[in-house]
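Engineer: Here is what each chain is made of, one letter per residue.
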Amino acid sequence: MGNKEILHLYWRAGFGLQPKQLQELAIKNKQEIIDDLFEKSKPIIPLEKDLSYLKNYPKSILKDNREKRIELARKNADETKKLNIIWLKRLAKTDNILRERMTLFWANHFVCRDMATKFILKYNNVLRTHALGNFRDFLKAITREASMIKYLNLNLNKKDNPNENFARELLELFTLGEGNYTEDDIKECSRAFTGYNHNFEGEFILRRFQHDYGHKSFFGEEGNFNGDDVIDIILKQKQCARHICKKIYRYFINEKINESYLEELVSVFYKNYEIEELMRYIFSTDWFYGKENIGVKIKSPVELIIGIQRLIPVYFTKDEELLRLQRLLDQYLLDPPNVAGWKGGKDWITSNSLVLRIKLPSMMLEEESYSYKTKGNFRNFRIVPVKNKYQQKLSVYVDWKVYKKRMKKLTLSELKSALILCEINDGTKRYISKFGRRPSKKNLVNLMSLPEYQMC
Amino acid sequence: MERRKFIKNSALATSLALVPNFLKAFEGYIPDTFNNKKLVIIHLKGGNDGLNTIVPVTNDIYYNLRPKIALKKNQTIKITNEIGLHKSLMPLKRFYDQGELSIINNVGYPNPSRSHFTSTDIWNTASDHKNILNSGWIGRYLDNYGHKPYNAIHIDEHLSLALRGTKKNGIATKNAKQLFKSLQESDFNIILSHYDKNHLSEHNLGYLYQTMIDCKSSARYLYENSLSSKLSDNYPKKSTLSNQLRVVGQLINSRIDTTVFYTSLSGFDTHASQVKKQENLLKKYSEAVQSFVYDLKKNNTYKDTLILTFSEFGRRVKQNFSDGTDHGTANQVFLIGNNLKKQGFYNKIPDLKNLDDNGDLIYEIDFRQIYATILDKWLNVNDELILNRSFSQLDFI
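These protein sequence lines are chains C and Y, in that order. Going by our numbering, the first sequence opens with residue 1, and the numbers climb by one from there. Going by our numbering, the second sequence opens with residue 1001, and the numbers climb by one from there.
Simulated from the structure, these hints should not be mistaken for lab results. Only true hints are included.
In silico PhoX-like links for lysine-lysine, alpha-carbon gap of 20 Å or less: (1) C:Lys-246 with C:Lys-346; (2) Y:Lys-1216 with C:Lys-359; (3) Y:Lys-1318 with C:Lys-158; (4) C:Lys-158 with Y:Lys-1068; (5) C:Lys-343 with Y:Lys-1045.
Given the structure is predicted, the values throughout are model-derived calculations rather than measurements.
Working from the sequences, and respecting the hints, build out all of it.
Structural biologist: As structure tokens, then:
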């Protein structure tokens, strides 16, 4: 594989590479590179977060004490902010690249939002555990998670009083895609999932008296189905494999789908719904490395921020700033806009976000000022312009010594190829040619400020 | 629209054929706008429950299917013996009394989608359910008649699909001053001075450059021109819609060259404990609109403004057992302004005896008939060109 192809793989399966890492990988063959990627992602390392504050809020106290419940909700909002930071820091450092990348993908597939820090932490780790596992097990695990049960009103879905919210999203977003089921399917599906609930600790329980044990008819099959049965029937539909493969294609390969390549993926995935097998297949094809797939995606805010952090030793001295950046760039982890998640692609780009994206490298590396600040907590975050002329700066620390070591003996053109994957137009090429030959700090920032750097 | 102007604009579009499409988008400046009319769109996101908004207070089916969430006659504002308005909508009652409100009932489309996302896309793109377009209806208005991105503004950080055309896009901003200031601080101008437009693709990277160009051309204009009118203090605080309409009010009162403004209020997806939630939301909605209309009247701009309120769908007639309602189909649309030809109720309220297999309302008026009417009769442009086909028009304006 050429350098460009390796970089492409690492931008899609991870968050880019440092020039030196690229050189190290370049001596390996394709199979070794791919095996290495999967080998490194074998371990499942859960996110960890201190939850000892919950000791002060036992069930017995919360039960009849409204004030305590409100206090806990506030506390949770703060703790979930901390969890957001823990996750981001994990992404910036991990060697478990592909697993973390897949976790991020699944978090935008099985979209969920929960202010109960303990529950959403557990949920996040379920995503991580199954990220490269079996989709069937994954789906069944998700339906048993307290956060999901709350988020899509599954706890309100009771025998004789079904609530369709979960069933509809299960079919529309999680498995089949709109138009591939009937309204009756939704009703029968809701019945199968009645009685799903969780206890105070966040463990799954089936409330037997609320579960509908009766006969159901779903996708032409008849029986006294429960939730797991319904999932098994859904997975029999090839459309389910197609829906998931389409989403994987758009995220990891290209927003524009080549139908015949897609069908290849569907037949691989439909066999047994093994996610790792599917991803291995994708990264092993020749067409994944086709010119039409390289450098054509607009980076998500997280990809942009993490990509910079993995390239340059830059540290945020205030956690708040990482939260602020996510808010300003419109991707705040653990706070998706709705159950369909972030749309991605062009939707990331607005006048405001693009201005900030272009400016971000100089803010992070040259201490440029910027004229926004944020107010409020997780629940009601607001962005306000700074009124006085003493504009805010990001509190970051860049270890330029380490940077210099990393870039030693590198030319500007080598740095450029490590930073920019897409075609550069002639006018911009001429502009870059005036930069000189050294990968100096100024040249680094100039390169990263190009719209081309927004692509991966 | 006048034939002469139509030809003039088509000719202009073809003369720029040698430049990549997205770049020529706003380069041809058409000096005269056709008229001074403004359209303000309010999207009630999540699917507002229309049956508890315009309440059929003597309908037994309504009370039987909604034992716990139906609104009693004395809880509503009386419109007629049979119809009550949700009590949070007192300001709308005033518009109704003054002939400034037109309520179109049973608006929807064939083969309705009960997905928020799909149905919102259908409304925003003016598509059939079977074939959802990639461009928005306001975006296509810009494609054909726009000359600057700020001709259509979404008061938000994100640009709605409604304002994305095939060649041109509207602009999304919550705060023109902030946009302008931040632009002054960035490398935007240096980068734009170097790129070679003939070599840009029309895909994602091209989109980034296009957005930069649009942004540059709009930020200064909006910043400088919106200063001629002050933000009014007369709006309710702590309401997102109110904040958005406050900015729209400032921009309209500044007489800027923007035809369409897009705003929204979220939270209408009331699957559980609906009554209180909807009460709060409708209150926010009606109070924000009231302040907005007052702001425009004071500045003599109301006469040129039409306010369109829609929701992506209504809700199921039968309540669920979480004291909420699930996703439904047809719903009402509100039009507010003082140029309405048919005031009050445009057509009859829903017939609850005649529901679809799912227990949902059956639509009577296609939402695109409303769009076509607004495009042709209010904005004075060719509705067929924008909607890709002809829809029979209504006569509310």
